[in-house]
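Let the sequences and hints guide you as you build the complete structure.
By full-length UniProt numbering, the letter at position 122 of the sequence shown is numbered 122, and the numbering carries on one by one without gaps.
A hint or two may mislead.
[Claimed, not checked] Simulated pairs of lysine-lysine, PhoX-like, Cα-Cα distance not exceeding 25 Å:
hint, residue 1, residue 2
1, Lys103, Lys59
2, Lys138, Lys53
3, Lys53, Lys134
4, Lys52, Lys138
If you are wondering where the hints come from, they were derived from the structure by calculation, not from laboratory data.
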Amino acid sequence: MKQIFPFFFFVLVTANLGALDLEVQIENRQSKQSTIHCGIFVQADGFPTENKKQYQNTKANVEADGRTICRFSGLNGNTYAVSVLEDLNANGKMDSTLVGYPKEPWGVSNNAPMHTFGPPTFQEASFTLKANQKLTIKLNP
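Now the structure itself:
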């Protein structure tokens, strides 16, 4: 019994190392009927639009107080960037114009702005997660 306790104690302690949470509050939502998709990236490749390259993804919840929140859990202390899409037509993707400009509300961490010829970069949107954190992303119309 004395040998089993240290093993289980070690497992419990190490299981929680690096288990950080990130809460993202979404502002400027256009429709209460839309779906808010949130993705978190650990590298520039695919940021901000390639769903298959997201480290984690989730859909937002509307809290009792009316706030729109995306939650990511089990994260390690690392550099991340978050992208958010308000999917107004429920097709699961960002709709864009013929020249590639977004037709649906979107946003990224640090509220990094759109460039004339493309989306914000991973570097502009990235942040280092060192502890449980809350951040706010304002959707662009």
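Hints versus structure:
1. Lys103 <-> Lys59: holds, 19 Å
2. Lys138 <-> Lys53: holds, 23 Å
3. Lys53 <-> Lys134: It holds: about 23 Å lies between the C-alpha atoms, which stays within 25 Å.
4. Lys52 <-> Lys138: Status holds; Cα separation ~24 Å.
Checked against the numbered hints given earlier, this structure breaks none of them.
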